[in-house]
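A.B. asks: What follows is the residue order along each chain.
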Amino acid sequence: MSTKSNLWGVLAQYENPHAIYKACEQVRDAGYEQWDACVPFPVHGLDKAMGLKASKLPWIVLTMGIFGSAFMVLFESWAMGSAYPIIVGGKPLFSLPAFVPVWYEATVLFSCVTAFFSNWILNGLPRPHHPAFGSKAFERVTDDKFFIMVEATDPKFDLEKTKALLQGAGATLVEELEP
Amino acid sequence: MSHSEIKKPEDITVPPSSFLAKLPMLGGILAVAGLGATLGSAFGENKGRAMFAYLFAFESVLAIALGGLGWLLLDHTTRAGWGVVVRRFVETTAATLPVFALLWLPIGFLGFHELYPWSHEHDAILAKKAWFLAPGLWYARSFIYLAVWSALGWFLYSTSVKQDSLGDNHAERDRLVHLVRKVCAGGIFLYGVTLSFGAVDWLMSLQPHWYSTIFGVYYFAAGILAFFAFVTLMTMVAQSSGVMKTAITTEHFHDLGKFVFGYTIFWAYIAFSQFVLIWYANIPEETEFFMVRMEGGWQYISYGLPVLHFFVPFLYLLSRKVKRNRTLLGVGAVWTLVMHCVDLYWLVMPNYGAHGEGHHEPHLSPSFLDFTALIGVFGVFLAVYGVLLKRNKTVAINDPRLDESLVHENY
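Going line by line, the protein sequences match chains L and H. Residue numbers for the first sequence follow numbering that gives the first Met the number 0, beginning at 0 and rising by one. Residue numbers for the second sequence follow numbering that gives the first Met the number 0, beginning at 0 and rising by one.
Heads up, a few of these hints could be off.
[Claimed, not checked] Cross-link-like lysine-lysine pairs, in silico, DSSO-like; alpha carbons within 27 Å at most: (1) L:Lys52 x H:Lys7; (2) L:Lys47 x H:Lys6; (3) L:Lys47 x H:Lys127; (4) L:Lys55 x H:Lys244; (5) L:Lys47 x H:Lys7.
[To be verified] Chain H side only, calculated, beta carbon under 7 Å to chain L, not exhaustive: (6) Trp137; (7) Val275; (8) Glu408.
In short, the hints are calculated from the structure, not lab data. Glycine included, C-beta positions come from ideal geometry on N, C-alpha and C.
Pulled out of the complex, with its shape left as it was, chain L reads as follows:
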């Protein structure tokens, strides 16, 4: 392990989606785990090239959607049926069709809010600073350049070998990142 004390990781720049797709496959096959790819627009299939596992998000959303759905229909039944019983439009106190709009919207609301904030948490957001922001080249990640960064904490990380791997995969620029 030839790591410097103030080294966060290595940043590599690629010129096009094709190049980064191939590079990601190589980094994946080399067995790295603590790394990420940053692209200016969605590159289809990049998750496969990176070997990412399926996200946990759908299960979290499903759970909270079912919870929100159950909660709201029970709440409406309780509120309209017993806690505050008023007859509306001559309908029975427990009128399931009348509950459906709010019931449905609550299911959607619980699912969406859960999806939104779970997405933040799973992605480690909010994150006001990132070591890659120290790189001048990285500014073009929102424009026309594609980047891979490998963190020094990765068990496979070796400054020279990692740099060589990224370079060999077609990087046009390799930089060291400080925290």
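Position chain H relative to chain L; hints supplied.
C.D. replies: Relative to chain L, chain H alone:
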């Protein structure tokens, strides 16, 4: 990922001895047997029953073809790329629309009197609607709908076919692509108006006192849902017949499955919206629709539809794994098509015998004629579909967005 690597599919003609090549014959047999039995009865004493069965079958299958036209209009207008590999199957669906103009003739000229009570009944409510539900105007409107759908469907099909043979003439091809997009943008407006009014004129007016402002959307929802189920199955049939075995991937089936899933929700949303407002307002002319469907056995279908046409397919198709598995997705598509027919049956049939001579309480009594009518009209549709599909390549090989579709991937 690089577009130079993309290989265009070569298995793009219907193999002569495959199942797909036999569609015209198969559809023809169904058509002759089904329509023969149904329309034969229409000249006997069972005329009313036969005509209602025929209307049910006509509207069920027309909905599929109209759903295909709707998808094409949206697809071209939004310049969608993902679906170019399956688009010829959709264009062929829409290209059958001129045949529906012929299939409509028995409704307009044989069963008009039996089907539509406003054609001969008089009361205070109908007097107010007489200017709209006047036979002359009704026929004129019907001709307009059929003409618009036939013209749009055939234009989109024939223009796409014309592109196939243009080779490297990119200027002409691009001119056609832009022309199609312009026609489709305007076509969406025409489609929306004619489909809504068509549903009102041919289905809603079966119960002429009743009205529902969302009815046109209901018919659209039913149709586009059935269409996506149909095109999913047709794509599977094509692949098993040896057409585009590698070009159409799990990614495309996944997207088709998403549309079946999404429009299942859309259908339920519209159906419930129609129900809840009528239920809440509780006005006699409006509640009539659900009253007749809550007795005489129809209540089982009324309660069954939300469960079997929404909750079951919703939960079934929710999982990504189901949409990406062809067998499971195929089961969902067949299920959706069957429930689509039940839905249309529930819309049309309770009106049989509800008016005029032989008046009786509408009760659920399936007849052999319902079945023969359905296979008859569906047979005509399949036969024409098969003939049109065989005539051309099974993919828009020269489409500028074909490459995008070939490498399409979901996240």
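A.B. asks: Which numbered hints are broken by the structure, listed smallest first?
C.D. replies: 1, 3, 4 and 6
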